[in-house]
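For the record, the sequence lines run as chains A and B.
For the first sequence, my numbering begins at 5 and goes up steadily by one.
For the second sequence, my numbering begins at 336 and goes up steadily by one.
It should be emphasised that the hints constitute simulated quantities derived from the structure, not laboratory data.
Here the structure is a predicted model, which means the values were calculated and not measured.
Treat the hints with care, as some may be off.
To be verified - Calculated cross-link-like contacts (lysine-lysine; reagent style DSSO-like; alpha-carbon spacing at most 27 Å): (1) A:Lys63 with A:Lys14; (2) B:Lys359 with A:Lys92; (3) A:Lys126 with A:Lys167; (4) A:Lys108 with A:Lys92; (5) A:Lys129 with B:Lys359; (6) B:Lys384 with A:Lys139; (7) B:Lys394 with A:Lys63; (8) B:Lys384 with A:Lys92.
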Amino acid sequence: MSKETELLSKLRNPALKDRAFNELLDAYQMRLYWHIRKIVITHENADDVLQNTFIRVYKNIQNFQEKSSLHTWMFRIAYNESIRYLEKNNKKGYEISEEFIEEKVQILSEDAYFNGDEIQLKLHKIVEGFSEKQKRVFQMKYFDELSFKEISELINVSESTLKSAYYTAVKIIEEKIFL
Amino acid sequence: MEQYNKHKGKQKFLEDSSFEDISKRHSKYLGTQIPEGYFVASKLSILEKIQSEKQLESKIIPERKTIFWLQPQFKFAVAASLILFLGLTIWFQNTHFSQEEKTVDFELLTFSDDILINSLLVDENDIESFSNITLMNEIVLKAELSEQKMDNLFLNSLFVEDSLIDNYTNKSIIESIIL
Chain A
5 MSKETELLSK
15 LRNPALKDRA
25 FNELLDAYQM
35 RLYWHIRKIV
45 ITHENADDVL
55 QNTFIRVYKN
65 IQNFQEKSSL
75 HTWMFRIAYN
85 ESIRYLEKNN
95 KKGYEISEEF
105 IEEKVQILSE
115 DAYFNGDEIQ
125 LKLHKIVEGF
135 SEKQKRVFQM
145 KYFDELSFKE
155 ISELINVSES
165 TLKSAYYTAV
175 KIIEEKIFL
Chain B
336 MEQYNKHKGK
346 QKFLEDSSFE
356 DISKRHSKYL
366 GTQIPEGYFV
376 ASKLSILEKI
386 QSEKQLESKI
396 IPERKTIFWL
406 QPQFKFAVAA
416 SLILFLGLTI
426 WFQNTHFSQE
436 EKTVDFELLT
446 FSDDILINSL
456 LVDENDIESF
466 SNITLMNEIV
476 LKAELSEQKM
486 DNLFLNSLFV
496 EDSLIDNYTN
506 KSIIESIIL
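This is chain B alone, in the form it adopts within the complex (with noise of 0.2 Å):
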């Protein structure tokens, strides 16, 4: 109270000179206070924060280790040779895969089962010789065969007896008559 009555007289509350402490204004003012030798505490405090921290990431981060160490314009020279190396490789194999792809024939077809899938790697060309060999070989020489084994069942039936003959069908109807 007797520090209101002191301020009552005045013209103005808040000064506007500047205090060489910025403590004491806060204490005039605003009556806060601060423990004797804090900031010297506070500064030794912070600091060893700041070691424990420093100690902390080291221990969390270590230190890279260099396996081997090239000078500069060496290292670039190196990763351009490996890289070229690398394309080199790749399109080499590139280049072998598709003329072997050209290459392929119609064996793929006589040898695999999957002869739509494999059609679609063969030529027009390929496909058509591959279906007239085949029509050749499958179809053509079995008929051929089949007739041949006609002819030769006709000419042995020619072979055998009237007599035989008349006897298989007399015996065959009667039984059919009977049963």
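Bound conformation, chain A alone (with noise of 0.2 Å):
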């Protein structure tokens, strides 16, 4: 039996569950704030969007039907969580115009808890002009450690297609970031 099966069937018995839902929250609680934070861009919307990402893992997981791995399932929690919140407040998750990339910017570099130079902000602003399938293939692979196979089962296309986007945005920042 792996640790997560283990971990889920714990969760499923309510005599376990609140137990295993502290181990749950320590395997997973920085891997899925800082896949939200690169959405949301701030560090306060981004520790309400994990608040209820949690809430709502802890209320659906007898509805979990173990189609995805846990950790996967979770991340899909995350991640529709982070949308619902932009669009709760009026703003876009995904969109590729100077203007809005210029805002987005604006927006992390008045975060308070961003602290990052002039390449760090380069690297933003590229990662941003990328459409919005490269952009979470190239952060769920380089910054969340997520496996090719995890996101293939994340947003559904194969493994070759997102190998190739990862591999080109990659060579993209390789090129651009020292320009």
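Dock the two chains into a complex; use the hints.
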């Protein structure tokens, strides 16, 4: 029995649910936070969305049908919660326009928990200029350290397409970052 | 700018090696930070929220109270007997009703105003016998009675004196001429 399966069976047992949820938080809180932070940009927003995500996980764990792994399911919830949060606050999630990219970078640079330099801001700008899919693939692979298989489960795209999108993104970054 | 120059000398900007702490990678490449002790505080906050949600739910949905408890094997037997009892009651009522319906006779017709409607429920032979009886009672007998009356009138007129009739006719003729 894998660690994840064991955790899942504990989460489904009412007597062990609370203790198992503690373990779940320890294992996934940080990873989900950073996944969310890249979508909603500021720390304050990411904190709200992270809380909503874990509350939703707690409430819906009985309905989890094991069509994917537990953490892929949680990443999907985190993504959906982030998009819901942006829509609720009249903010667009993914849009490629100079104006929108500038606006996002502006929001980021004004965040109290951002202390990036010129290069880091440039990386943000380059990544924001990617298509939605390419951006998600790059962020999930490079920053969230998900495997291509997991990303494929999450966004329903074949692994070969994902690999191609990822390596193209890396190449673009490497070319543009020092220009 | 210093970091820019530092990066410029390197062959690759995005390193392949994975970080022990995912937060360090985000900080290094994206410049995003988190408050100190954030994940501990966030974990407590999430657990608190879940507890308050649970309390709220338990207030909204009170636990079902058992009025009386039966062992499962008896529950089915009791339910089956109730259904059988109800079924038999309905069946008996239906069969009794259909027998009554058959015994409807033409008395209905004599006491009811709406003969046409009731006639739909009565057999053709009954209607025929009813119409024969009515014909006998209502028409033939009345005709006989009126014939008898006519006979009586005619006989009575034989006993009236001729002089009285003459007087009456003369008087009525004179009155009609003068007037």
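Tested hints:
Restraint check for Lys63 (chain A) and Lys14 (chain A): satisfied, since their Cα atoms lie roughly 14 Å apart, inside the 27 Å limit. For the hint linking Lys359 (chain B) to Lys92 (chain A), the alpha-carbon distance of about 30 Å lies beyond 27 Å, and the restraint is violated. A threshold of 27 Å between alpha carbons decides the hint, and for Lys126 (chain A) with Lys167 (chain A) the separation of about 23 Å falls inside it, so the pair holds. For the hint pairing Lys108 (chain A) with Lys92 (chain A), the CA-to-CA distance comes to about 17 Å; that is within 27 Å, so the pair holds.
With a C-alpha separation of about 20 Å, the suggested pair Lys129 (chain A) and Lys359 (chain B) falls inside the 27 Å cut-off, and the hint holds. Between Lys384 (chain B) and Lys139 (chain A) the alpha-carbon distance is near 32 Å, which puts this suggested pair outside the 27 Å criterion. A hinted pair counts as satisfied when its Cα atoms are at most 27 Å apart, and Lys394 (chain B) with Lys63 (chain A) qualifies at roughly 16 Å. Between the alpha carbons of Lys384 (chain B) and Lys92 (chain A) the distance comes to roughly 21 Å, so the proposed pair stays at or under 27 Å and holds.
In summary, the numbered hints that this structure violates are 2, 6.
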